[in-house]
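Following this note's numbering, the numbering of the sequence shown begins with 1 at its first residue and continues without gaps.
Watch out, some of these pointers could steer you wrong.
Stated by the list, open to error - Computed cross-link-like contacts, SDA-like style, restricted to lysine to any residue with a CA-CA straight-line distance of at most 20 Å:
1) Lys308 / His139
2) Lys233 / Gly154
3) Lys176 / Ser240
4) Lys161 / Gly178
5) Lys345 / Tyr302
6) Lys286 / Pro108
7) Lys308 / Met113
8) Lys156 / Asn348
9) Lys255 / Lys233
10) Lys230 / Gly154
11) Lys345 / Glu160
12) Lys286 / Asp193
13) Lys212 / Phe258
14) Lys161 / Lys345
15) Lys212 / Asn348
16) Lys303 / Lys255
17) Lys303 / Asn335
18) Lys124 / Ser240
19) Lys345 / Phe258
20) Lys176 / Gly154
21) Lys286 / Arg244
22) Lys308 / Ala153
23) Lys156 / Lys176
24) Lys161 / Ala206
25) Lys124 / Arg334
26) Lys212 / Lys176
Just so you know, these hints were derived from the structure itself, not from any lab.
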Amino acid sequence: MRASNQLEARTAPHGSKKFQPSALGHGVKPPAASPAEPARSETSVQINKPPRSQRNKIFLAALGLAATFIIGRLLWQTIPQAAYPDPSKFEPVEQKSPEAPEGMVFIPAGSFMMGSEDGDSGEKPVHEVYIDAFYLDQHEVTVAKFREFVNIAGYKTEAEKDEGSLIYTGSSWEMKAGINWRHDAKGQPAKDDHPVIHVSWNDATAYARWAKRRLPTEAEWEYAARSGSKGYKYAWGNSSPVGRNGGNIGDENAKRVFGSSEIWEGFDDGFAYTAPVGSFAPNEFKLYDMTGNVWEWCSSLYKPYPYKSDDGRENLNTLEWRVLRGGSWYFDPRNVRCASRIGGKPTNHDNQVGFRCAQDAR
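Using the sequences and the hints, build the whole thing.
Here's what the structure looks like:
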């Protein structure tokens, strides 16, 4: 029931009158005032003084009440009072991110502009994408982590099934017999703290499932690499790389080793092939190696933009090409941008491809 904000009009019942019949008879008027006592109007007031004894009692009662008030006031002023907090000193409570699983970083929800008008046709059109909060591995999955998976799960990679993997020699790709995840980019025994390579999309997905995680979508990956809505061109920012604030990319080392001309002129990251994970400064989300080191598999199919998670591109049960992001130790500035994307068969494996895992934030 809704309460009314208007007062009800109170009126006499229909047909009633102010002059009502009395018990003395129908229509009898009130008696007139006697001559000895002047008639009083309805508004006149007669004041009669109380007896002196009663007036004394009233005076004493008022005096006692006043004394009580004065004593109470004095006591109130002498009792310490609790200090009221100053509203101007209130500070907003910092919203802490949920505790991330071991080895992962919490990526807050937000929107960003995906793609690049200055890039390849596959990066267009630039469009806004909203990303739910999620977790992402702080580092690329290492050789040591992948070995743990293989030993426990008894998993056999596609490179092992194919009895070899592709290695880039500087002028061409060559299938090298006996090469698999246990080997580095040169075909030598891999070091535990380097990113695992020679793994296919199928291998990466198998590891993620075993770890109770998943591969990131390419939208999640780009959002995380750009530090969210900051929209950086590279993981470290928009400027040229400087020392350890850059990444393991095509540099002067690549020029010396491979004779490559498409490098970042004047920059030397100190590594000709892969670098130990975390060798360079992280981005603003505290993620390492989002630019360079190895290309990273994403869950998404390689489809034209705009990106829509519900248009079938996140279907995991198909043999279509999958997206790789981030560039590698060999690639030039254009191909290590956060917006750069390439595709590969889910069975492909070579010495420039690795991955990291994601997980839903609940």
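Status of the hints after comparison with the structure:
Pair hint Lys308 plus His139 does not hold up; C-alpha atoms about 27 Å apart against a cutoff of 20 Å. Our distance criterion of 20 Å between C-alpha atoms is broken by Lys233 and Gly154, whose separation comes to about 40 Å. A C-alpha spacing of about 35 Å is found between Lys176 and Ser240, which places the hinted pair above 20 Å, so the restraint is violated. Between the alpha carbons of Lys161 and Gly178 the distance comes to roughly 10 Å, so the proposed pair stays at or under 20 Å and holds.
The straight-line distance between the Cα atoms of Lys345 and Tyr302 is roughly 10 Å, inside the 20 Å bound, and the hint therefore holds. Pair hint Lys286 plus Pro108 holds up; C-alpha atoms about 12 Å apart against a cutoff of 20 Å. Simply put, Lys308 and Met113 have alpha-carbon atoms about 13 Å apart, close enough for the 20 Å limit, and the pair holds. The suggested pairing of Lys156 with Asn348 holds, with an alpha-carbon distance near 15 Å, which does not exceed 20 Å.
Our distance criterion of 20 Å between C-alpha atoms is broken by Lys255 and Lys233, whose separation comes to about 23 Å. With a C-alpha separation of about 42 Å, the suggested pairing of Lys230 with Gly154 is violated against the 20 Å cut-off. Our distance criterion of 20 Å between C-alpha atoms is met by Lys345 and Glu160, whose separation comes to about 17 Å. Proximity of Lys286 to Asp193 is assessed by CA-CA distance (about 18 Å); at most 20 Å being required, the pair is judged to hold.
A distance of roughly 39 Å separates the Cα atoms of Lys212 and Phe258; the hinted pair therefore is violated under the 20 Å criterion. Proximity of Lys161 to Lys345 is assessed by CA-CA distance (about 16 Å); at most 20 Å being required, the pair is judged to hold. Simply put, Lys212 and Asn348 have alpha-carbon atoms about 23 Å apart, too far for the 20 Å limit, and the pair is violated. Among the hinted pairs, Lys303 with Lys255 is inconsistent with the structure: their alpha-carbon atoms are about 33 Å apart, more than 20 Å.
Distance restraint check for Lys303 and Asn335: the Cα-Cα separation of roughly 18 Å lies within the 20 Å cut-off, and the hinted pair is therefore satisfied. Pair hint Lys124 plus Ser240 does not hold up; C-alpha atoms about 24 Å apart against a cutoff of 20 Å. Proximity of Lys345 to Phe258 is assessed by CA-CA distance (about 26 Å); at most 20 Å being required, the pair is judged violated. About 23 Å separates the Cα atoms of Lys176 and Gly154, which puts this hinted pair outside 20 Å; it is violated.
Pair hint Lys286 plus Arg244 holds up; C-alpha atoms about 14 Å apart against a cutoff of 20 Å. The straight-line distance between the Cα atoms of Lys308 and Ala153 is roughly 34 Å, outside the 20 Å bound, and the hint therefore fails. For a cut-off of 20 Å, the pair hint linking Lys156 to Lys176 stands: about 18 Å separates their Cα positions. For the hint pairing Lys161 with Ala206, the CA-to-CA distance comes to about 15 Å; that is within 20 Å, so the pair holds.
As the CA atoms of Lys124 and Arg334 are separated by approximately 15 Å, the hinted pair is consistent with the 20 Å bound. As the CA atoms of Lys212 and Lys176 are separated by approximately 32 Å, the hinted pair breaks the 20 Å bound.
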